[in-house]
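K.L.:
Starting from the structure of chain H, add chain L where the hints point.
2 protein chains.
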Amino acid sequence: MSRAFNFSAGPATLPESVLVQVQQELLEWQSERASVMEVSHRGKAFVECAAQAEADLRQLMAISEDYAVLFLQGGATALSALLPMNLARADQTAEYLLTGHWGEKALENAKASVNTHIVASDKANSYRGIPAQDSWKRAAQAAYFHYTSNETIHGVEFDAVPEVGNTPLVADFSSNFLARPVDVSRFGMIYAGAQKNLGPAGLTIAVIRKDLLGQHGRNLPPIFEWQNQVANDSMFNTPPTFAWYVVGLVLKWMIAEGGTEAFARRNAQKSSQLYRAIDGSGGFYTNQIEVAARSTMNVPFMLHDEALDKAFLKESEAAGLMGLKGHRALGGMRASIYNAMPLEGVQALVDFMQDFAVRHG
Amino acid sequence: MSRAFNFSAGPATLPESVLVQVQQELLEWQSERASVMEVSHRGKAFVECAAQAEADLRQLMAISEDYAVLFLQGGATALSALLPMNLARADQTAEYLLTGHWGEKALENAKASVNTHIVASDKANSYRGIPAQDSWKRAAQAAYFHYTSNETIHGVEFDAVPEVGNTPLVADFSSNFLARPVDVSRFGMIYAGAQKNLGPAGLTIAVIRKDLLGQHGRNLPPIFEWQNQVANDSMFNTPPTFAWYVVGLVLKWMIAEGGTEAFARRNAQKSSQLYRAIDGSGGFYTNQIEVAARSTMNVPFMLHDEALDKAFLKESEAAGLMGLKGHRALGGMRASIYNAMPLEGVQALVDFMQDFAVRHG
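Sequence lines, in order, name chains H and L.
Counting in the working numbering, the final residue of the first sequence is number 824, and the numbers go up one at a time with none missing.
Counting in the working numbering, the final residue of the second sequence is number 824, and the numbers go up one at a time with none missing.
Keep in mind the hints are simulated off the structure, nothing from the lab.
Accuracy of the hints is not assured; some may be wrong.
As the list claims (entries may be wrong) - A partial selection of chain L residues facing chain H, derived with a Cβ cut-off under 8 Å:
#1 Asn469
#2 Pro474
#3 Ala475
#4 Thr476
#5 Pro478
#6 Val485
#7 Val502
#8 Gln536
#9 Leu570
#10 Glu571
#11 Ala575
#12 Gly665
#13 Gly680
#14 Pro684
#15 Thr704
#16 Phe705
No experiment lies behind these values; they were computed from the predicted model shown.
Glycine included, each C-beta is placed from N, C-alpha and C at the ideal position.
With the rest of the complex left out, here is chain H (with noise of 0.2 Å):
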């Protein structure tokens, strides 16, 4: 067999040429003679890759030095725990606009360490658009504004930054990250899990305006005190050396590629071709997201009749199409078609689902 096009909404798709380089160092790594897996975190030759990396990220973003760049472990999931242990006080409140399933979970990880306020939430709408900042209920005084950039399993992308006004704007990007320029000046925090945009699970990274840290007269854990983590590099205690090598890879690639920009022209350019072929369809496949807030990045679609899944799902992996089962919260399809996953990749799904309906319609 070859590789496929590869949907799955993470893990996911890395670029070709990455798997390739890792692959060749695999056993030797530089002039380490061992594995990057195999060599301590604290010797000269991963110190300097990691710095590459956290260097790179800063130059792809445009982060100023008043940010901390952490690559810590947990996923975004742990993150959502620990962000309001170390962003507000016990007696703070926190802010959350839900626009689906893993705002929800921030919200519910959140919960046990501070008063959390919803501002909104489209829950009602069954989380099909982003609710209007006309109909937002603010809390007063609060310690942050949590949003999520881009709801993975809903397919709902906020095109622009919300507007806060004063309060720290804290955002998970896990699905979105890197994936368009953004104005790291108008957030507190912006956190992603690496499995989508970067490279393998089990790596998250955290970008924080350090003088939001320590501020929270908590006795917590050493451990779990982000402080810690800034002032040791991300090496409080032992990183995951490997995924932290691969992410330092991939961001090589995507300076090589353009940046941010370039990735925003593709990823536009893919989506709209995507949406372009389900909303032409004729009612065979469907997408229920409110225009302005459709996911370049994820894309769910329905197909008129369920009946017909199995089929799309076995003929689609014949044509060298994977990981479109969409989630079991929703059912149907999705593809996800994050930075790594070419043009060419949609033009042959677009391809295979016209003649999908052809044969099926």
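P.N.:
Coordinates of chain L only, in the frame set by chain H:
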């Protein structure tokens, strides 16, 4: 160049046959037409891979169904903070026996969540041994009794499982996990970071007696509630899939090599040979640990004149012996000789040490 013998304390050497397999299937794993890094953790192929790793670990350690086996993130350090939250009520006391750096760290990470009681500490003796049981000061009705089975930095290892009566025994086995047979039924919980005897950094294994879970009466973030991980086969959120896969290959390799009894024999042989070389060097090399507490995994040693350290490190690297620099807390040298270090590696180190002593004696 070629691969060298790697004595790094962790991340550490892995079986070459495992690395070769990882390399061969890096771009296309099984019939997935994608890398193992790229496929969904909820897909059939990965779920089977994950379950096989658990089954193999249960076989290697003879773990009964009374115990859950979890594959988690965060390192042993994060687990040392989560364990009092999960295994003790907030008003309970937990006992800590300190035999080195990692025991101290586990204690520090527990303090925010439980009343801690130091049963005994070897600190005044510079952590060169294990406090005799008749010197222990036990606490009444402790939630658990914690110790560090092998201290990676100090090179102190328990030869036998401590006798603690009915108190659940919790042990950090990070640096001697699967190094010898262990009677799991003696324990309430065993945990270990993968990056010594098991695989890449970023995965931490916990073996927990199920009846100890869910008794804490705390309001924890769901992601920190281990019962949620038990109920979801360690996939309450996206696990570090690549690390889990590599650990699975290492476990298969261990079974093929004869299991923990075979490794116990090899580890005894390797460590005896190295300690003999140190003790027989006429004081050129020294190891200060009490003989009964000497680690079979991490062998710290000093040169009689620290001015020779630089030459020792330079010449040993030239001889293909990497990662021998001691931990910064102790200085000198340290040879970590985990399961994947072959006898030939220890023989090459001993030969080099003897030659070096002759040339610089």
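K.L.:
The structure should be examined with respect to each hint, and the outcome stated for every one.
P.N.:
Structure-based check of each hint:
| no. | hint | result |
| --- | --- | --- |
| 1 | Asn469 | holds, 5 Å |
| 2 | Pro474 | holds, 6 Å |
| 3 | Ala475 | holds, 6 Å |
| 4 | Thr476 | holds, 5 Å |
| 5 | Pro478 | violated, 11 Å |
| 6 | Val485 | holds, 6 Å |
| 7 | Val502 | holds, 6 Å |
| 8 | Gln536 | holds, 4 Å |
| 9 | Leu570 | violated, 11 Å |
| 10 | Glu571 | holds, 6 Å |
| 11 | Ala575 | holds, 5 Å |
| 12 | Gly665 | holds, 3 Å |
| 13 | Gly680 | violated, 13 Å |
| 14 | Pro684 | holds, 4 Å |
| 15 | Thr704 | holds, 5 Å |
| 16 | Phe705 | holds, 5 Å |
Hints 5, 9, 13, counting from the list given before, are not met by this structure.
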